[in-house]
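Based on the provided sequences and hints, a complete structural model is requested.
2 protein chains.
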Amino acid sequence: MTDVTIKRLSAAQADFDTALSTLLAWEDSVDHQVNEAVRHILHQVRTRGDAAVLEFTEKFDQVSAASVAELEVSQARLQEALERIPRDQRRALEQAADRIRDYHQRQLQNSWQYEDADGTVLGQKVTPLDRAGLYVPGGKAAYPSSVLMNAIPAKVAGVSEVIMVVPTPAGVVNDMVLAAAAIAGVDRVFTIGGAQAVGALAYGTDTVPAVDKIVGPGNIYVATAKREVFGVVGIDMIAGPSEILVICDGKTDPDWIAMDLFSQAEHDEQAQSILISPSRDYLDQVEASIRKLLPTMERADIIATSISNRAALIEVADLSEAAAISNRIAPEHLELSVEDPEALIEEIRHAGAIFKGRYTAEALGDYCAGPNHVLPTSGTARFSSPLGVYDFQKRSSIIGFSAKGADRMGRVASVLARGEGLTAHARSAEYRIKES
Amino acid sequence: MTDVTIKRLSAAQADFDTALSTLLAWEDSVDHQVNEAVRHILHQVRTRGDAAVLEFTEKFDQVSAASVAELEVSQARLQEALERIPRDQRRALEQAADRIRDYHQRQLQNSWQYEDADGTVLGQKVTPLDRAGLYVPGGKAAYPSSVLMNAIPAKVAGVSEVIMVVPTPAGVVNDMVLAAAAIAGVDRVFTIGGAQAVGALAYGTDTVPAVDKIVGPGNIYVATAKREVFGVVGIDMIAGPSEILVICDGKTDPDWIAMDLFSQAEHDEQAQSILISPSRDYLDQVEASIRKLLPTMERADIIATSISNRAALIEVADLSEAAAISNRIAPEHLELSVEDPEALIEEIRHAGAIFKGRYTAEALGDYCAGPNHVLPTSGTARFSSPLGVYDFQKRSSIIGFSAKGADRMGRVASVLARGEGLTAHARSAEYRIKES
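Protein chains in written order, with the working numbering: chain A, 931 to 1366; chain B, 931 to 1366.
Fair warning: there could be bad hints in the mix.
Intra- or inter-copy, both count: the list cannot distinguish identical chains.
Said to hold, decoys possible - 25 Å max Cα-Cα, derived PhoX-like pairs, lysine-lysine:
#	residue 1	residue 2
1	Lys989	Lys1181
2	Lys1364	Lys1222
3	Lys1055	Lys1085
4	Lys937	Lys1085
Since the hints were derived computationally from the structure, they do not count as laboratory data. Just so it is clear, the structure is predicted and the values come from calculations on it, not from any experiment.
Have a look at this one:
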């Protein structure tokens, strides 16, 4: 049987703050060797383009090609994948895509402008990015749901070209991933990966077009490369391990909650699953369910390690205390498995996604509820948001002064500019003041 | 007389693309000594808190204090500054603040949710950050306008506590900066600066509260520190040199345009000023104005260096070609000094702020038009936006499944999760499916 230890905390214990800090502590270790390797790859791709991409693809993925063009996947091949996968998978992908598209359309932002009393026009022009790059991991962690979640918001935003890269180590192609690309409307696909693919998207090569922003998950090399090219292009967040926090009033079937915790823990050994409840008895029941169900899980080893290292069952006085602890954690996923989630949600200030009520398994949100599954991790929900259409739109301020407005506000600008010692600013404004 | 050379380009020349790339090339040089110094300071502040802040403040700013509390500026002192500055400055700051507040209120985003046919609730909850940190440079580049532009959007967003830090090298306090803080509603002010202030805001000390996001400009030490703490807290952009691109049809007074170019060039030697016009004759006129006006400028040396190194006058066939080049540059500031800016703006896809018409001097936007003056530089307007209220709000997805919805979508999630080999996900969803 798989061995597991399950940490217990109580908000009433004297050292609770310290214990909670220790539980949450997770540091993105900077690996200097990885940094050096990634810088070398990026420099090569930047200066030598396609040739470097081909060399690294042969070296790391054991895929050799005469040109990067050979590594492009045609739209016909994407359609072929769509027709080849099992019918229930295709149907599920299409249903998920429809719901994701429907939700994200509500995030679209529009340009606006208004005119003040002087006839001065002020506004904000909202435009899509020209091109977005989507990194999709290959090999065993190939997730078609990620293709939908990253590509659909970009297309909804109006991005003209979504360029996807996906490595095919040893030539292994995942048809479900290609089918998802077809459904999401991805414009071009290259079977390249790693830091070399990030470099190709950031700098452009003769074959791969330079994009404006790179999104999507990847291993440490991909994450490091994204961090390096940030500024040349935009990037989405650099994700830490996935986390779930469940607040339960003690009345949800404990097997359900145990499985919800597992669904996070099965991602990887660093994933974090926390349950908070005012009922110690209920925490005991969930612990029993964990021990009962664990041996039945396909990924029992990963789950056991993750639970033993990073999980906790936390006893609190009441649901308000649970909400306060949740705000301290700012979890990626927050399940409110309680009778009245509507009331509790009022007390929640920080969370990537909030799952209301006993029927709302977090896993539904991962695939097909509609909202994005790319969410801020490691407490960054304190200041950041789920991936959305807004990540693929940007704003330009619009200012149009009438002669009257320039006269009136030029005087204000002049005083402030001279106060800051910037006289060219002052004189530029003063030219537009009417002589009196 | 101040010497200046003025670069001329023509979009018709054979090597125009290369020449333009060379003109725009600007690389944020990574300075390893600065990196090391900043990492040391951050580590000290993180581990030793107030004591380290006091040591570095004494070392770098020649300000010694017995405690960090002594370095806090009281609200009474801010009010005192407001009453002490010249009446026209106070009035100008208040007028600017009113316009900035009015514009930014239109950026506020609201929560929304909707219910689908199955009774499933989906939505987006929008909340402000708890605390924001605002870095304000001290010494000679002390800009009260920056205080307004950074603090007002945070307060409009509903941030409960805005904590400002401003170094006072050798104890020199800028009353106009403190007055701006009073007008903007800054909650607390500490006279600390450099990497130590960034560290104090990011990690918190006994005296300085930890914030969720740090915004505001600073020197290379401050910028490097912000880059380092990114992830622990949010940060705004890391700004490159300021730039202006003016598109003129040749009918604006050439002195006005020369002064607009100067208003950018006077910031620093790296600032970039570019003028594009279909009229070669007009470019000659502006060049003559530049040579005529330069000797009359207070900051003539900085302007001459900036113009000689980084400015250009570019001749194009027509305004559409100007717009295409502008989209390639994605300028921070774009002046459309033409007869029909409304028509030209349709062709503009990327710019931080767009100034429409001959009366709209960019300098008006720096101070009091209303929109923010913190804008994406170095071509990053391709994928990023002006600082705004949205930088101080974040979103949480809301998902609430009805029993019926969980039954229907649980089946979809189950197929997709099993397709990805994530069976805990599948089983968690399947628990919520009604047995048939």
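Checked hints:
| no. | hint | in the structure |
| --- | --- | --- |
| 1 | Lys989 / Lys1181 | neither (54 Å within a copy, 59 Å between copies) |
| 2 | Lys1364 / Lys1222 | between (83 Å within a copy, 23 Å between copies) |
| 3 | Lys1055 / Lys1085 | both (19 Å within a copy, 23 Å between copies) |
| 4 | Lys937 / Lys1085 | neither (44 Å within a copy, 41 Å between copies) |
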